[in-house]
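Let the hints inform the model, and build the full structure from the sequences given.
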Amino acid sequence: MYIKIIRNELTKNKLITLTITVFVAAAALLVSLAAVVAIHLFGAVDTLMTQAKTPHFLQMHSGTVDRTRLDSFAAENSLVEQLQVVEFLNVDNARLFIGGRSLAGNVQDNGFTVQNEHFDYLLDLDGKAIDVADGEIYVPITYWKEGLANIGDHVTFNDQAWTVAGFLRDSQMNSLLASSKRFLISRNDYATLTGAGSMEYLIEFRLKDTSMLGAFATSYASAGLEANGPTLTYPLFRMLNAMADGMVVGVLLLVSMLVVAIALMCIRFALIAKIEEDYRELGVMKAIGLRVSDMKRIYVVQYAAMAAVGSGVGWGLSFVFKGSLLENIRLYMGESGQPFLAWLCGVLGVLLVYMAVVLYVGGVLRRFRSLSVAEALRFGHSQQAFAGARLFSLSRFGKLGANLFLGIKDVLARKRLYVTMLVVLILASFIAIVPQNVYSTISSKSFSTYLGVGEYDLRIDIQRASDLIGTAAEIAETMKNDPSVARYAVLTTKAFTARTEDGTGERILVELGDHSMFPLHYSKGSAPVGEREIALSALNAEALGKQVGDALVLTTSGKDRTLTVSGIYSDVTNGGKTAKAAFVDEAAARVWAVVYVKLAQPSLAAAKAAEYGSRFGQAKVSDVEHYIVQTFGSTIHAAGLAANAALAVALLITLLVALLFIRLLVAKDRYSIAVMKAIGFTHLDIRLQYAVRSAFVVLIGILIGTMLAGTLGEKLAGLVIAQLGASAFHFETQPLSAYVLSPLMMLGSVMVATLIGTSSVRSIKIGEHIKE
Amino acid sequence: MHRLIVGENIVKSYGAGDERRQVLDGVSVAIDRGEFVSVMGPSGSGKSTLLFCLSGMDGVDGGKITFEGKDISALQDNELADMRRMKMGMIFQQPTLLKHLNVLDNIILPSMKGNSKNTAAIMSKARSLMNRTGIAELESREITQASGGQLQRAGICRALMNDPSIIFADEPTGALNSKATQEMMNLLSEIHASGTAIMLVTHDAHVAARAERVLFMRDGAIAGELTLPAFSGVDDPTRLSKVTEKMREIGI
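The listed protein sequences derive, respectively, from chains A and B. Quick note: the first sequence uses my numbering, first residue 1, plus one each step. Quick note: the second sequence uses my numbering, first residue 1, plus one each step.
Quick caveat, the hints were computed from the structure, so don't treat them as lab data. We put the CB at the ideal spot given by N, CA and C, even for glycine. Please note that the accuracy of each hint is not assured.
[Stated by the list, open to error] Here chain B is said to cover these stretches of chain A; the calculated rule only asks that three of the stretch's residues, wherever they fall, bring their Cβ under 8 Å from a Cβ of chain B:
(1) 392 to 400
(2) 408 to 414
(3) 678 to 686
Below, the structure written as structure tokens:
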């Protein structure tokens, strides 16, 4: 019997069947993909870091290394399993060419290294430690992805040339967010490069127990060992590796949740409409003693059938799409090694969608319990269903005109029905607006202030210079005399030890100088002013357990300096652990210096970067737009594509759902339409009433959706953007596109859907519905 | 000219192919201004279809219908709708009121369409009609708070709001008890007395006997016709016996 009911109902309402099945399929596809990608991603990150034996603790260091002291520290520290000091020969990008093309404009710190002996292996695309021959070179995989290098190309530096033999996966520096990139050459070739660049040491440790990483970092800092550079740890490497594709998983999950919500709303609408239509029959069923569970089953089986088909189709489609989503992960990190788990999670995701639909249908049908037999048999409808908006009567609001009144009245009187359409439209406008706002925010120049990068035009990094003070002074003098420079600031980063809660010391890098010249966006508090204030990056504040207003004791040259935390800011530079202060301290060791420059004509930034780049060979000059494009370019591009795709999806959802709703309403309202025709309303009048209903609902939907996008959307987007290192931010919107064009397009979609959906009004015959 | 509606050789069928069923087979009928015409006949004889075709609520397959001299098949959708709203009033067996409007709003709806500036005059007319039909207390009630008879009277008020030339009533007493039927017929007689034409379709010989002319239909055609004197305001048993006698004569 149930098969017969399912077949009859599903074929009778093809549009509803198709729309709901499509939404369930889309939801199942997205949930399944998110599960598969997440399992592959985390598996692949683990595989990569296991195969490469990524260091648990890494101290970057410029300057000499006392190997004996390090060895004895490692030998005496019970946590250390292995120590390795890796050389990284940082070279001038302008002198490095791949396939004849210079890397001069590249913002990455490129350099040469050799294969490591004990751990931190550089891997080939099969996940094996690379054994490189003389004359060959392995290039970071990201340069192949960007189309800069191919196998067989020549890489030249000074007068030497290597042939690209392959591409390498670097478990530390794969990500574009890692600012350095390692090129792998043979030991013989490396030996010939002595003195060709600035040497940076990677002091790497593998620990016996990674849960003691914090304790180890403290003991390293308190031992006063080499620490002229940032400190990085295993969890940070894991985060850098997982970030880009992790965001894809996050977006997939978010979108799939929205699609599931929309599918459920469509089901709710279709069910409520159907129950209203069948009200009298339901009353009869109840009157003759059918149990509520029997009545529910008749409806549940139909939706369970749709959900089963939709889930199956979605799951099948996930096999088609997962290849392209996993491509990036496979390229950068390799296989996850957990194909069965990924398959299982994909199936579980689909089952979750199926169960959500079936349970939701059961939930909506709970109203059968309160169905009044007397009401159903006497009126054929629930009194509650039309009970709304009694005060909104034609006698009071007749001036609106009959059609406008009837359109609004219907929405107000049947709120329970229209609230479903409203929720979908709110979700759709949310989907349309939030990604646009995210895109306009992260592509705006001021967004850099959320990332620890001030609003400057040029940034000159002095890190490799043998005479750091002299070079900084020379550059400052040049800036002072250059009329095209509007203002500049020299900020010097020095290393200090911060006293933690438990009395131990933690090494932190503090950027000293005038921070008012190029202000950042502070998520809490403000920039440090005077001798007694310090601002901390979000990661540092968390690590040190400090809030704005707390005291922080810094030790330098044996002297304590008590400072107040004036502000907390987001930072993506130098592993996210930075600090800023305005005091002067000549005793502490300089780690590096940066000159920030604002030009009178920002359009000259690229030309000036090139000019200063060639003039100050020991410094790295980059213009900020270039810096942001190279660091976040792919993210911004992806966000732009996502914003357009989201708008298209939102419009499509709006069109489809509005079409479904209007078709259902017209089918349900056949009797009322016939009555209106009988008393002298034209087809056009009736279609106009539907247009008013749609416009009324869509305008409220857009209004609420836009408000939610600006509040909840900003918070949600903040969570995603926090993954980039920005802890708190506000939307930079483009009002024309977000608040005018998108709403107009949505309104247009709904009107088109209404126009199509009400085309059947003409064919409704008065006699067929009224004649006895 | 006295003719209000003239239907000539009306042909109407429903369904298609083997299922096609001819409901009106070349019916010709005319109704004068201010005339009260009843149509009687067994179920399926085509009486309601004739009413729907003459009022323009349904199209015809053949023949011609003119209302106040205008060929209604030549009218556009909006002209036809205007004609139904301004010149005709409709009453059906079940009260065809819109569920989401209260009783008063249902009554004034046809008048408010395209005439929203005269709300005060419209309201005043609606109240006067509600008084006249004995449902004044229903003004702000929802339709679920009124009885079937009261709703039927509300339907009559709605039909009269635009002072129509004719009322089309399709089995208006079919769902009413004898007392409510009597009240309804008194009301229709009163409306007729004020100069409005009425075309009433019914099974009930008592109801049909209130008319000045009774048409008897069988198998999609007019099988006979009976003319009665004007209703005096008091039920006269001879009117009923004439109707039943004619029915026997025709064999329905």
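Chain B covers the segment 392 to 400 of chain A, three or more CB atoms within 8 Å, holds or violated: holds (count 6)
Tell me if chain B covers the segment 678 to 686 of chain A under the three-residue, 8 Å CB rule, please? holds (count 8)
Check whether three or more residues of the segment 408 to 414 of chain A sit with their beta carbon closer than 8 Å to a beta carbon of chain B. holds (count 4)
When held up to the earlier numbered hints, the structure conflicts with none and fits them all.
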